[in-house]
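J.: From first to last, the protein sequence lines stand for chains A and B.
Residues 0 to 235 (numbering that gives the first Met the number 0) are what the first sequence spells out, left to right.
Residues 0 to 129 (numbering that gives the first Met the number 0) are what the second sequence spells out, left to right.
By construction, these hints were calculated from the structure, which means they are not laboratory data.
Possibly wrong hints are sitting among the right ones.
[Unchecked claim] Here are the computed lysine-lysine pairs in the DSBU-like style, where the Cα-Cα straight-line distance is at most 30 Å: (1) K50(A) - K43(B); (2) K43(B) - K120(B); (3) K43(B) - K2(A); (4) K120(B) - K50(A); (5) K2(A) - K120(B).
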Amino acid sequence: MIKLRAGSTTEFDSETGAIDALDVAEATIRFVTGQAFGVELDLDITAGNQKRAVRNGVAVGETVELQVYGEALDLMVGVILGFDFDSTMVAFEAFIPGTVFPGVQTIAPEITVRSVEVTAATFGGALNITDGLLGRVFFTVLDSFTASTVIRLNTAELLRSSEFVTAVPRSVTLNGAIDFDGNNIPDFRDFLLFASHFGETLTSPNFDIRFDLDGRVGFTDFIILAAAIEATREGS
Amino acid sequence: MLWAGLSGHVFAGAFEDKPIFLDAQISGQPPVNDGRRTFPVLTKDDRILIEVYVENVARGLTSGVTISFEDENLEFSSMFQIESFDGVFSSNGSGRGSSISIGGNPASIRSPGFLGTLTLKALQNVPGIR
């Protein structure tokens with residue numbers, strides 16, 4: 000359990016100039032076993048959970064798919080997922096419930112300036128499944144996207160029997176420019192650095208996710224890199 | 000905490016003894032204190048977000064807050080790093096040990112007393128209780 004400390008948890012009152020001690024009697028958080036479920040985010044759109052939390056080379060106008068996988072879902076009835084994002088960088092587009100739900104039902108997402116909350120539930124009885132795809136969430140990369148942005152899954156709440164349980168928050172990062180050597184320009188130096196990592200996968204000892212533009216450091220990555228280098232040359 | 004003014008009398012501000020709450024449920028906009036006080040057990044490098052509320056504030060213009068966790072035998076600071084605070088004030092960096100102080104231009108605290116969201120990073124596995 001963590002708890003705020005009395006006497007040294009204070010707030011400054013701008014009107015009186017007093018440093019006020021707050022009442023911390025109820026300010027506690029407990030960590031509990033036995034009721035948890037887990038979520039993982041995956042930016043790799045191929046089937047299965049690759050747990051890919053970073054994507055490079057994201058382009059303006061592109062639709063990014065974010066897959067949400069659940070663990071320890073046994074006896075789940077439904078789930079609420081709340082995402083927080085920078086609305087100057089990306090915009091929420093859609094939510095499609097995942098394959099774990101038989102007879103799935105959903106309600107229109109609740110969208111605010113910088114967050115979206117989605118839900119899905121089964122009307123076919125509690126789940127008899129442990130792991131699986133909870134849903135796919137789609138974001139559009141806006142014209143004002145620059146460099147990098149983070150999409151956070153702040154709330155993951157599951158109804159199991161009659162009890163709501165939560166999962167640890169997760170996040171993913173979308174990076175814009177393809178730039179491996181740090182000069183902010185896709186160029187031949189990036190190509191050579193890419194070549195030195197070609198063929199590596201998540202299990203390779205020297206795997207570096209910066210070079211992995213679509214799931215593994217392969218030929219499709221090379222095509223993406225080549226297009227970025229040529230686009231830079233044409234734009235200069 | 001009472002303070003002696005230049006005139007010699009002792010005074011307290013609008014926040015004195017007001018209850019502060021931690022909420023493990025991150026809400027949308029506007030923030031709402033859901034009263035959730037539990038997290039599942041954490042593994043090293045997990046991050047959790049906690050909403051911080053000060054309730055029963057009749058008037059509330061503040062320019063700084065210090066959030067301090069109990070840390071007997073370094074139980075908190077060996078387990079967590081305070082990464083950031085984002086709300087009426089935002090921190091540019093992490094807290095030191097078990098405390099974080101954030102300040103800025105005077106800001107009003109509106110109902111329901113939302114101060115901001117605290118991000119903690121687990122420095123090791125955090126065991127739970129049943």
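J.: I'd like to know which numbered hints this structure contradicts. Please list them from smallest to largest.
T.: Hints that this structure does not satisfy do not exist here, as all of them hold.
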